[in-house]
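Residue numbers (our numbering), protein chains in the order written: chain A, 4 to 551; chain B, 4 to 551.
It should be emphasised that the hints constitute simulated quantities derived from the structure, not laboratory data.
The reader is advised that the hints may include incorrect statements.
Identical copies go unnamed one by one, so any copy, or any two together, can satisfy a pair.
Straight-line Cα separation of at most 30 Å, DSSO-like style, residue types lysine-lysine; simulated pairs [to be verified]: (1) Lys191 / Lys282; (2) Lys540 / Lys282; (3) Lys302 / Lys318; (4) Lys302 / Lys540; (5) Lys535 / Lys282; (6) Lys282 / Lys302; (7) Lys191 / Lys540; (8) Lys191 / Lys535.
All values derive from a computational prediction rather than experimental measurement.
2 protein chains.
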Amino acid sequence: MSDNPNVLWIMADQLRFDYLSCYGHPHLHTPHIDALAARGVRFTNAYVQSPVCGPSRMSAYTGRYVRSHGSTWNGMPLRVGEPTLGDHLREAGARAVLVGKTHMTADAEGMAWLGIDPGSDIGVRVSECGFEPFERDDGLHPDSPRQRWSAYDDYLVAHGYTSDNPWEDFANSGLDTDGNLLSAWLLKNSRLAANIPEEHSETAYMTNRAMDFMQSAMQGDAPWVCHLSYIKPHWPYIVPAPYHDMYDQSHIIPPVRSDAERDTDHPLMRAYLDARVCKSFSRDHVREHVIPAYMGLIKQLDDNLGRLFAWMDAKGLTENTIIAVTSDHGDYMGDHWMGDKDFYHQMAVKVPLVIADPRPQADGTRGTASDALVEMIDLAPTFMHALGCRAKPHVIEGRDLTPLLHGQDGFSRNYVISEHDYHWSEMARSLNVPQEDARTVMIFDGRWKYVRCEGFRPVLFDLATDPSELTDLGASTDPAHDAVRIRMDAALLSWSTRHHSRITATPAVLAGQKTAAESGILIGFWDEGEYKDATGKAFDSLQPHGRP
Amino acid sequence: MSDNPNVLWIMADQLRFDYLSCYGHPHLHTPHIDALAARGVRFTNAYVQSPVCGPSRMSAYTGRYVRSHGSTWNGMPLRVGEPTLGDHLREAGARAVLVGKTHMTADAEGMAWLGIDPGSDIGVRVSECGFEPFERDDGLHPDSPRQRWSAYDDYLVAHGYTSDNPWEDFANSGLDTDGNLLSAWLLKNSRLAANIPEEHSETAYMTNRAMDFMQSAMQGDAPWVCHLSYIKPHWPYIVPAPYHDMYDQSHIIPPVRSDAERDTDHPLMRAYLDARVCKSFSRDHVREHVIPAYMGLIKQLDDNLGRLFAWMDAKGLTENTIIAVTSDHGDYMGDHWMGDKDFYHQMAVKVPLVIADPRPQADGTRGTASDALVEMIDLAPTFMHALGCRAKPHVIEGRDLTPLLHGQDGFSRNYVISEHDYHWSEMARSLNVPQEDARTVMIFDGRWKYVRCEGFRPVLFDLATDPSELTDLGASTDPAHDAVRIRMDAALLSWSTRHHSRITATPAVLAGQKTAAESGILIGFWDEGEYKDATGKAFDSLQPHGRP
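I would like the entire structure built from these sequences, with the hints used as guidance.
The structure is reproduced here in structure tokens:
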């Protein structure tokens, strides 16, 4: 076994932390992910840096906070020059390979400005946030003209699923009893079986493509990180047979919500509750239709991972591959009278994270859970370490998890951070919040979850006394809560004034910053004697050029 | 006169705001800058974004806070992809031309990584922070091997000033009575005449080079911003005859300092006072030697500007050229028992700023002073506006000063910000502050100046009752001061959590963010009726591809 293993980094999209049996779901059994947890470490306090796809992923792929990389919302290009995991791996001779979704938008304006051809090797990697795109598919093709079809669309047509939008008409629609298409864009159709056999679904297809990549990589020597990135269980919520019919109302865990929450006096929370998606998921019949489909999608994903892991076993890949399973954010599913994601309750901002490290150093932690405060940006430096990259503390803001995987000291974090830019949203429109001010930031120290809301009072939960986050203490007059708010603001200020953009201060640059006396640039020396007293050198020794 | 004038942006280095007669110096008469103020606006509250050359200038040239561009200290490369004034001007068909100093360090690592040839047109502009380098000279050549000589070194040799380091041996040294060289790196030599006639000094040379540029630009049609950037009155403090002998002890304004300041209990302030340069400039004999030279350098600069302005008059350039005079930071000169710059008292962080706009819209403001809170980052958007560039609020953090120049409403600012990264310093070493934590940030609202010091208590001055900033209220137990500190921390938190890095959110990107219903991506719609109620459109109208 090599000291530098490969990494299979599996990411589901919109997968709640608590919809896996290893995280305690009573009815949704996910034996393959559970088995991975049994030979790895299961993290119980893993948080994403934004509760929405694009910015969360840009943080995952750069190892940097949203504040730092600047891609604060879906579709906002990651700027040219923002260093990614792939860039760091390439320096060490390793590959970062994409199979699936990133939600990356290329910075076409930035490339044009710097003269980078988007079709060149460098242009492609800049456009794919540092990855080598073995397969790129963001998985949402609501109106996809044929020239912009994904490889999956082509695959469907090649297998006889003929349509102008095979993604939508087969993989993301059901059929009524007369054979008419019923779109899964409408929640009422979630309980139907998808109009596609499971083996041609998106989840199965992308699993196959990961195998294709690993098979091809076995021909080469370069170590790799393969990012296998599934679109599901993200909406449209629909799953092929037999998974559409595995779960029913009896398997739905009760909603986490209280009537008192609907009476919030917080203008932003009020606006969330008034947003259509939240009102929709507050209705029991929506939950009852959608959650069984969501559970089916997760069950299907787990089965596909079982298929993938068995294949890796057969190919001898398991023993030299670190496998991580995680998600880019969760899904409210009606909890707290909310739908989709976009805020910071646990089911939205906390994600499952299981990492199985085959190296013997990890033998002592197999099957354990870690309650360390972990951020999604920690994966990049962890993988970099595993593949032998040099550390880049001036760029990477995440922290290497290797000590936790290997049962060693050396990892610590006092709080996790997540950010959200809601300028695009119904909330911003209904509250008339300027684009620049439509921002919130969460800080969580393991007990207190504090959400700073620009222009509004903060939101505060005490997870020690209120683990379900039902009581907002943001306006509490209890002095103890005031003290918490002050402490959290101070921690946020310390964090937000950090040098998030100081990325050119490489160790070489810092080492090159000679003292004034060393550089020959002398500030404040009166005479030769003072110079000699301070430096131990004669003043004339500074002038190697000699005198004319 | 064209609607789009040119801009001559003159920057002195280390020029205190109060060492010009138009800003009230009683003995240092600067009639040419005063005359510019008489036909323009003199800003009395202009602040730099860092009290040190490099980061202050990178803010000036990008229109962005230090936090945003990330070049937090001298020699820290400005990252590839950080947009500059020059880039914005080029888009509008205008030129940004450099004559003199920028303190820019090229991001060689970033260019290599993005495949940008440093010698290409794009590589040169990336290396010169967006400028077209007509002449680049940062003005400090303590040990300059011949192959790295500046054009000024070559100029000196061509004029007979032969040496292995002509910059140092002629322009920055004096002679003793025996004709031996005495280096101006040592303060005791400041009163000597520089070993060069005035007309071959750095200030005169760079003035000539600005004329050379403007002469050449008259052949072309493209409007321009010419950044004429002098190294002086920055140290080494030495000036050619007759300026070396114009001022003596009787012309030195008294130091701004109190004995009580030396008893500070603030660890960081204590460390500043213990730093060599501060101890040096706390000695009266140092002040008495250096200040007359510093005044002579400013007088020489003013005379050269007089020569330049007369030449521009003769060439007919004045009537179509906005002229701005400013500095990148000040100089303590022993005030507050400190030397050089690097902190936030007025003489370090506040700079002179005079802008004369020849357009008739500015006729109403000629000869007036503005006490608006202005930042150095405001110049870039002001010049962009003048030259017809589109506004870029997603990138540019400064605010267009045109309303102030034209006597109109539309400019407002509640506070100015300045930042400092002291990781390199004696203070960081003596206090053992980690590189990441060696940072301070100043916020000033026109009355209260508050300095947040990571790891230490804040520093606070009330300029209404203590305009000389002699009493640090950072530890005051007066509840009124506590309220100010809380308000300032809140303002800093709002500022520091802004989207400083969200630079790809162009108006086009934001406009392209369709609502879910417009994009065909539907979240939370139960059925066709709900969709129609919400959007006014039939659900089927979303499927232009038709049904199979």
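Evaluation of the provided hints:
1. Lys191 / Lys282: within (15 Å within a copy, 77 Å between copies)
2. Lys540 / Lys282: So Lys540 and Lys282 pass the 30 Å test across copies only (20 Å; inside, 76 Å).
3. Lys302 / Lys318: Close inside one copy (24 Å), not across copies (80 Å); limit 30 Å.
4. Lys302 / Lys540: Neither. Shortest intra-copy (73 Å) and inter-copy (36 Å) distances fail the 30 Å Cα cut-off.
5. Lys535 / Lys282: Close across copies (16 Å), not inside one copy (76 Å); limit 30 Å.
6. Lys282 / Lys302: For Lys282 and Lys302, the Cα distance is within 30 Å only inside one copy (27 Å; across copies 71 Å).
7. Lys191 / Lys540: For Lys191 and Lys540, only the inter-copy Cα distance (18 Å) is at most 30 Å; the intra-copy one is 83 Å.
8. Lys191 / Lys535: So Lys191 and Lys535 pass the 30 Å test across copies only (15 Å; inside, 84 Å).
Comparing the model with each earlier hint shows a violation of hint 4 alone; every other hint is respected.
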